Amino acid sequence: MTPTPLKMLTIVAEAAIERRIVNELVAAGVSGFTTVEARGFGERGRRAGDWDQNRSVRIETICDAATASSVAERLLELWGPHYALIVWLHDVQVLRGGKFGADR
Amino acid sequence: MTPTPLKMLTIVAEAAIERRIVNELVAAGVSGFTTVEARGFGERGRRAGDWDQNRSVRIETICDAATASSVAERLLELWGPHYALIVWLHDVQVLRGGKFGADR
Amino acid sequence: MTPTPLKMLTIVAEAAIERRIVNELVAAGVSGFTTVEARGFGERGRRAGDWDQNRSVRIETICDAATASSVAERLLELWGPHYALIVWLHDVQVLRGGKFGADR
Amino acid sequence: MENLLDPAVLCFVLGLAAGLARSDLSLPRALYETLSVYLLLAIGLKGGVELARSAPGEILLPLLGALALGVSVPLVAYFVLRKIGRMKRPDSAAIAAHYGSVSAVTFAIVLEYLRQAGTPFEDYSAVLLVVLEIPAIGVGILLAKRGAAGPAAGWRSIARELFLGKSVFLLLGGLMIGVLARPETIGTVKPLFFDLFKGALALFLLEMGLVASRRLAEVRTVGPFLLGFGILMPILSAAMGIAVSLGVGLSPGGTTVLATLAASASYIAAPAAMRIAVPEANPALYLTASLGITFPFNVILGIPLYDWASRLAHQIGG
Amino acid sequence: MENLLDPAVLCFVLGLAAGLARSDLSLPRALYETLSVYLLLAIGLKGGVELARSAPGEILLPLLGALALGVSVPLVAYFVLRKIGRMKRPDSAAIAAHYGSVSAVTFAIVLEYLRQAGTPFEDYSAVLLVVLEIPAIGVGILLAKRGAAGPAAGWRSIARELFLGKSVFLLLGGLMIGVLARPETIGTVKPLFFDLFKGALALFLLEMGLVASRRLAEVRTVGPFLLGFGILMPILSAAMGIAVSLGVGLSPGGTTVLATLAASASYIAAPAAMRIAVPEANPALYLTASLGITFPFNVILGIPLYDWASRLAHQIGG
Amino acid sequence: MENLLDPAVLCFVLGLAAGLARSDLSLPRALYETLSVYLLLAIGLKGGVELARSAPGEILLPLLGALALGVSVPLVAYFVLRKIGRMKRPDSAAIAAHYGSVSAVTFAIVLEYLRQAGTPFEDYSAVLLVVLEIPAIGVGILLAKRGAAGPAAGWRSIARELFLGKSVFLLLGGLMIGVLARPETIGTVKPLFFDLFKGALALFLLEMGLVASRRLAEVRTVGPFLLGFGILMPILSAAMGIAVSLGVGLSPGGTTVLATLAASASYIAAPAAMRIAVPEANPALYLTASLGITFPFNVILGIPLYDWASRLAHQIGG
Ligand SMILES: Nc1ncnc2c1ncn2[C@@H]1O[C@H](COP(=O)(O)O)[C@@H](O)[C@H]1O
Ligand SMILES: Nc1ncnc2c1ncn2[C@@H]1O[C@H](COP(=O)(O)O)[C@@H](O)[C@H]1O
Ligand SMILES: Nc1ncnc2c1ncn2[C@@H]1O[C@H](COP(=O)(O)O)[C@@H](O)[C@H]1O
Ligand code: NA
Ligand code: NA
Ligand code: NA
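Residue numbers (the numbering used here), protein chains in the order written: chain A, 716 to 819; chain B, 716 to 819; chain C, 716 to 819; chain D, 32 to 349; chain E, 32 to 349; chain F, 32 to 349.
In case anyone wonders, no lab produced these hints; they're calculated from the structure.
Check the hints yourself; a few may be wrong.
According to the in silico footprint, chain C covers these stretches of chain A (three or more CB under 8 angstroms from chain C) [what the hints assert, rightly or not]:
id, segment
1, 752-762
2, 782-789
3, 800-807
Given the structure is predicted, the values throughout are model-derived calculations rather than measurements.
Don't be surprised by glycine CBs; every beta carbon is placed ideally from N, CA and C.
For reference, chain A alone in the conformation it holds in the complex (with noise of 0.2 angstroms):
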């Protein structure tokens, strides 16, 4: 199988927007996402992950370049303000292309 080059946006959020993002992430058609707990540090401040106020998540998605760039923007300018945010890109090759929608 020849891989197929996509891009992976990852997004480090404070826990309150999860369900908000995820529900972005469904609404721009990304196949899928994988979310971890984190915890950290930012210009906001400390967020030490030791209870709910200050617990982060690490979320990932792979798709197309142009999602990935389109939902960090979205994601940015909705909450890129008011919360903890971060969000980066990165070049991936997987295996299964058509699984993340790259053929469609």
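With chain A fixed as given, assemble chains B, C, D, E and F with the ligands onto it according to the hints.
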């Protein structure tokens, strides 16, 4: 030190096959791997991660490109058809390549 | 927005040195970092993550390439010889480069 | 309806309601795991202490009866699923394994139910629970693999999955500790393992309600046949359990226990084993049937029904 | 000073000390979540059992009094924050919501305090707790949005956040189970939900001490006004609570309860709702005030003070 | 052999068996952390309550004795490891620190053992536990750094690691709460911290069995010398403990306690401190010795042995 280019192989799979995936990695001779607990959503539905039958793991291993591809293919072949499983590759630079078998 | 290219530095280390790694990151002036609990396997054996002495952390920080390399070298120098520790780099694109000190 | 006014059952209903209303209530997985280890160990311990009081001879016949149930219930279930439900072989076999095996939590609930009502039951009941866990899983695997080369993961690795799986291991371990430990020293762990048991069961049922609610939400996707199966099959199994109980001479209380065991569907040992031994079976089907339909049915309505039927059978039979 | 010699309060002080000394003591988040589910459910359960004993008629007036407090306390707080503190509207509104709403743990502590002292209080107190949780949050949102189109996330999604949030859901669920369950069966869960309650509260307070210490460390960054507000506002609210209590005819014990409820600031329901409904408010401000200042103040000094004042008010009034 | 029939010890054996048989039984780390916080705090609390009953004067001599043990045991251990075992300096020093320091869980087990047997012991025993935790760790660091510039991480950061580490912090905190809290109010947390103690210990030992089994599996890799050391060193330390006990006039029960403390090897405070202060020591060596060999030996065989020896010594001495 000049960084050595290598591949990162990342696997997200249902927890039921974790032990067997790890056995494959070891059999393929990778120098190590890192695992975190995950949840998510994909073709096979939602994996909320709140009890044994719906938790996932996210395993990543750094190795040379050939090993990465062949392991990825093998995992997809063995468990792709019946288990929640995705794999992807991306390029990484490590500082002590020897540790990852890069100069074997 | 045009994405800004930056480096992701990822560190997997035994939990005993987490605080000190974070101090190094802060001293190096990174704008933030994200931590998740991890377990794994490497040169120094299995880290099952089920009690204090064998759990690991996976820390990632986005910064410019120069900082990423110099921090990586420093961590390996300080703790590479005696602690379970690996670091790697890869390229990422972020949407609001300013946040990560990209346009300082 | 009285069963519904038990706090543990009400906690289950609360969990179901939270899940169906999409409340953001959630319990950490660590709590789920802790409570399930605790409950299995405590069930074993209690069972072991009681077992130590019973005469070895009297166990033999009921044990054989339980074994017969453990083999025949999955065969009947498989037949129903294949012939009436027209389901695929692997799915039928996997579901059959779940219904032939047992749920330790359902067992705990029926025991509390009988204790509450003051109905006596046999001291060695926990042995029946342990004995019923595994055979049906073996039957299920054989049914799935008929004509094929063997289970996907090899018999050895499946046997290890079963006997070393946390469910059987903790129940057996608890049983042995309960039998071995001197009565004076058991007293020291009584506050945790005995006195708190019912409360911990209530908390676990809250969590099970949440998990079951997500399964219940998938009932549409599995179709009406499986919904009916999830309710009628346990009633049929309970009837088989009652018949066997009368045959091997159990008391009315013991009959209710064995009927409930037969009616209960596994959601720890069987899913873990089936996922590995019969990967081509769709987990959504067996998990939804076992956890989304049969478990709530048994907890809320089934147990009182089986108890009523057991007492009736003894009145007619006796 | 006697309150300080209570083991639960001492555990809180220990947690505070550990955090301030930067000890590496930390408790897993799963424990925090488990204890908070447990405490909310247990408070509800106990409250429900007591509620079942009280006459429906006697609740009405105190309920209306509580509602009046739930609306007026946040209005007063908002006024103080805007006019005296010169804080921004969203911040003022969000903080006001916290101080108008209540803390279930503070409620639990005052009840233990009264039980310890042998002071009786009204059987339906838990209903007052539940009733006070939500109105102030609504008031806070309205204050934040005055003139604006509506809350950021839409009223529907906020209402769901509130009523289906774990805090209200578990308290209400517990209350209903406590009322519905037959007394005999409640006894079976008593060892977990009643006997262990105070110990679990102590453990939770250890963890709260750690969390509060991190907030306390941020007091410098929020400025002296908020520090003063975090101590004087609860005293003012308590005074309002005492006045209302006398008006609706509560006993001295009940007066202490309502005063403490008025003085307590929410740290579960309000932060969750405000974060979504008023995202432009800075969480560092309301969390530091509520958790870093007011909570420790109430636990250590406030409750004895409010109790003393309540008794005094009854002596003068009676 | 009677010790083996204690349910907590049997739970440990069950955990060991599960690990060695490679069962998939596992307990969440959050439970491990929760139980270890709980046990340390409860040991402290109980110790504090008892301490409040004892006269300050009688503590002094035993305290000095304990301090002498805390310094001499690691010196002896270091000598044995270097001269007989021919191990590297950092490894020897780190292992010596573990054997000079103590295990709070082993302490809890010996106390339960004595209570079960009805043997009285000194009220201030928990103080001996606290006093023995730290000196040996200091000795170990000094031994590792002889001639070198100082510990890798600086003395200050190591002192903070020790005194603010969760082990010493919780024990001391518990002690202080136990001493300070009024007896009436301690009663309210008794169900959690006292009555459940033995059961929680059993559950923790189940988990320790799993952890120890993984260490035990590495015994091959550490060589026969360390295996022998892990069994003979605690016996030697216990003998030293008995001698000191007789010297400072402890009762037979107190002698068993001090002997067991001397024999026990730390697995919370010492590993954390050594990993930071002596990074060049191989953790596989000290963890395997302390947790894989000595801990199981003490729990299963050591404690009855030390008790027997203590009573014998008192018969001969008295
Ligand atoms: N430079 C960075 N590298 C990695 N993660 C970051 C970085 N900056 C922020 N984060 C993560 O994103 C979260 C929110 O960032 P912020 O909005 O800057 O507070 C933080 O709590 C971190 O987990
Ligand atoms: N497009 C995707 N991006 C990131 N993670 C994914 C994606 N698709 C699937 N996953 C993860 O892989 C798991 C299995 O995927 P699947 O087999 O498609 O159900 C899911 O539960 C997700 O955690
Ligand atoms: N090749 C690898 N790929 C991914 N993670 C690794 C690799 N090697 C080591 N690790 C991780 O880094 C930790 C420390 O590695 P080591 O110092 O080699 O024992 C391990 O416990 C793993 O979590
Ligand atoms: Na069954
Ligand atoms: Na209030
Ligand atoms: Na020792």
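Evaluation of the provided hints:
1. 752-762: holds (count 7)
2. 782-789: holds (count 3)
3. 800-807: holds (count 6)
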